[in-house]
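Hey, can you work out the whole structure from these sequences and the hints?
Going letter by letter, the sequence shown gives residues 250 to 341 in my numbering.
Accuracy of the hints is not assured; some may be wrong.
What the hints assert, rightly or not - Here are the computed distance ranges between Cβ atoms for each label pair:
1. 316 x 260: 17 to 23 angstroms
2. 251 x 275: 20 to 26 angstroms
3. 301 x 269: 40 to 46 angstroms
4. 271 x 302: 37 to 43 angstroms
The set of hints was computed from the structure by calculation and includes no laboratory data. A quick note: this is a predicted structure, and the numbers were derived from the prediction, not measured. Heads up, the beta-carbon is just placed ideally off N, CA and C, and yes, glycines get one too.
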Amino acid sequence: LSAGGALCSIVALGMASRLPGRGLGPVGYCTLAAQAHMAGQFGLAYALFIPHAALLHLLPILLSAALLFGVLSGIITTIMLKHLPLQHHAAA
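Written as structure tokens, this is what we have:
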């Protein structure tokens, strides 16, 4: 389940990285990744283990938790990035 969630997260982040302009910030990317990860895990759990309509009642709760922890991760990432020195990589 975790690998399925990770794959969904990577796909969502890849799509978001192609957004025009400046794209998303750390909070946006972390929130998107958390939501996609939860949706992927939920979809697999529903498809493989518990294909019952009652399981759908948990989806809003799980996505709310993913939103909360995604925003929290994004805030922590933003703080950490402010403390890291900028590094410029020369083109090879």
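Taking the hints in turn, this is what the structure says about them:
As the Cβ distance of residue 316 to residue 260 is approximately 19 angstroms, the hint placing it in 17 to 23 angstroms holds. Checked against the hint of 20 to 26 angstroms, the C-beta distance between residue 251 and residue 275 comes to roughly 22 angstroms, which is consistent with it. Distance hint check for residue 301 and residue 269: the Cβ-Cβ separation is about 41 angstroms, which falls inside the suggested range of 40 to 46 angstroms. Against the hinted window of 37 to 43 angstroms, the Cβ-Cβ separation of residue 271 and residue 302 comes to about 41 angstroms, which satisfies the hint.
In this structure, none of the earlier numbered hints is contradicted; all agree with it.
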